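**Student:** Chains as they are written, first to last, in the numbering used here: chain A, 1 to 404; chain B, 1 to 123.
If you are wondering where the hints come from, they were derived from the structure by calculation, not from laboratory data. Bear in mind that the values here come from a model prediction, so they are computed numbers and not experimental data. Warning: the hint list may mix true and false statements.
[What the hints assert, rightly or not] Pairwise CB distance ranges (calculated):
1) N256(A) <-> A103(B): 46 to 56 Å
2) V189(A) <-> L119(B): 36 to 46 Å
3) K118(B) <-> G338(A): 47 to 57 Å
4) N256(A) <-> N30(B): 51 to 61 Å
Built from N, CA and C at the ideal position, the CB exists for glycine as well.
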Amino acid sequence: MKEVREDFPTLKMRFGERPLCYLDNAATTLRPVQVIECMDRFYRDCNANIHRGIYHLSVKASKMYDQAHERVARFIGARSWKEIIFTRNTTESINLVAYAFGDALVKEGDEIVTTVSEHHSNMIPWQRLAARARASLRYIPVMPDGTLNLEEARKIITPRTRIVALQHVSNVLGTVHPVSDIVEMAKKVGALVVLDAAQSVPHMPFDVKELGVDFAAFSGHKMLGPTGIGVLWGRGELLEDGDVFLTGGSMISEVNLEGAKWNTLPWKYEAGTPNICGAIGLSAAIDYLEAIGLENVLAHEKSLLEYAYERLSSLDFVKIYGPRIDKRIGVISFNVEGVHPHDVAQACDSLGVAVRSGHHCAQPLSVAVGAKHGTARASFYIYNTKDEVDALVEAVVIAKKELG
Amino acid sequence: MSLYPDKVMEHIKNPKHSGSIANATVVADNGNPSCGDELKYYIRIENGLIAEIKHEARGCAISRAAADLLAEMAEGKSVQEALSLTHEDIISAMGGISEGRRACATLSVDVLQEALNKLYNLP
Chain A
1 MKEVREDFPT
11 LKMRFGERPL
21 CYLDNAATTL
31 RPVQVIECMD
41 RFYRDCNANI
51 HRGIYHLSVK
61 ASKMYDQAHE
71 RVARFIGARS
81 WKEIIFTRNT
91 TESINLVAYA
101 FGDALVKEGD
111 EIVTTVSEHH
121 SNMIPWQRLA
131 ARARASLRYI
141 PVMPDGTLNL
151 EEARKIITPR
161 TRIVALQHVS
171 NVLGTVHPVS
181 DIVEMAKKVG
191 ALVVLDAAQS
201 VPHMPFDVKE
211 LGVDFAAFSG
221 HKMLGPTGIG
231 VLWGRGELLE
241 DGDVFLTGGS
251 MISEVNLEGA
261 KWNTLPWKYE
271 AGTPNICGAI
281 GLSAAIDYLE
291 AIGLENVLAH
301 EKSLLEYAYE
311 RLSSLDFVKI
321 YGPRIDKRIG
331 VISFNVEGVH
341 PHDVAQACDS
351 LGVAVRSGHH
361 CAQPLSVAVG
371 AKHGTARASF
381 YIYNTKDEVD
391 ALVEAVVIAK
401 KELG
Chain B
1 MSLYPDKVME
11 HIKNPKHSGS
21 IANATVVADN
31 GNPSCGDELK
41 YYIRIENGLI
51 AEIKHEARGC
61 AISRAAADLL
71 AEMAEGKSVQ
81 EALSLTHEDI
91 ISAMGGISEG
101 RRACATLSVD
111 VLQEALNKLY
121 NLP
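Based on the provided sequences and hints, a complete structural model is requested.
**Tutor:** What follows is the structure, encoded as structure tokens:
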């Protein structure tokens, strides 16, 4: 995908003699000019608040914002644009479910189930809900390679389970979890399934109907879109009946001094002036990704993953965490013997290679796979190349030589 | 080209203050939970001066080098003088580290202060 690199201004940056090798895409991706220019155009030519003014500009901005819901709905196979709620990010989307649905659904003695593999964003909201409801939070454990222990999952998901919250893809190991197996277990006991799709929607074909989950959450900034825009998709009938989350302007249809009536979907869940430009920028990012094709995105990342896996595993002082490459997508976490992950990341930075080090917001998973002090992580996207993997490997060798 | 300044590399490769002190006057430990760096200082005070200081440091190279360098800076100083050592002091003593690694270095100052402040609460 050499041709796409031209669209990303950040990739023109250089560090001394070296070009930027951006390998931290699981944290946030870069943005193409198509997205940047679309947002720039919005602020120049259409800027207005939405659903308020009768003047031309406001009508235009409202239409663009409404269409952004439609664009996302088509992208993830939702039945209606009214099932798309714009939030700030995946974290806010999951909190919305925990408060608006969890509080009504989970009672004392009930159980919420999540997994040891989760990002903290899909763990803390459930810890808090369990504390509010005096319910218990149970964790599906992982195998030493970070895949879910399905045998244990069958014991942990019981008729007492009200909510099962899991990630689709691990942000640390790239593990693709068997969502359909978990959905089957949850449906048998009547539990809702909340999917953290932050690491899957950007990287693979994704259809909420096929997955059979009840809610799915993801972030714009991990898929070429701007920061500050996230999505919650929920099944329409659940959203219709659900309680509200943030309250105030926009989310009401009628207000008097005693109370209020809630607005129709999706506005019921979008209180206050939303991130209008962010939603429009996300639409542009989706246009960009669909023009490439999500199958092609996945195939490109897989080829980089295979190459990185092969090169890094040829070094006997590198330990790679996570499952075999057929069970994961473009994320690779590793350690260099005798070298702290921060020092590996620093060696990478010295060659212009941007990787993340630490626990990647999933500390329990680090511990479970035997990386108590964290890992260094490289994560790929459409613009990455094998040359960049070579630069990563070069930096890893330097880290070992200097500090190992 | 070296990854870190010479001063840092020197303390990584040949730490002079690593270990523990059996009859330490005060001991304190703490860590950076986000990256797992851990540091424990053992300090022996004689006549109001830091007579001996050792550390057990686990973590990244910057955190280990800072722990050792700060021990070197504190040894021989009065408790008051050592308490006045700041985050900026350790960072400038290390000869330039990147902005992203400040917390790795400043853990040493925080743990030293925690230890010395205990002197005022001794039974």
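**Student:** Taking the hints in turn, state whether each one holds.
**Tutor:** Here's how the hints hold up against the structure:
1. N256(A) <-> A103(B): 46 to 56 Å: 52 Å, holds
2. V189(A) <-> L119(B): 36 to 46 Å: Violated: the Cβ-Cβ distance is about 59 Å, outside 36 to 46 Å.
3. K118(B) <-> G338(A): 47 to 57 Å: Roughly 33 Å apart at Cβ, these two residues miss the hinted range, so it is violated.
4. N256(A) <-> N30(B): 51 to 61 Å: Because 55 Å falls inside the window, the suggested range holds.
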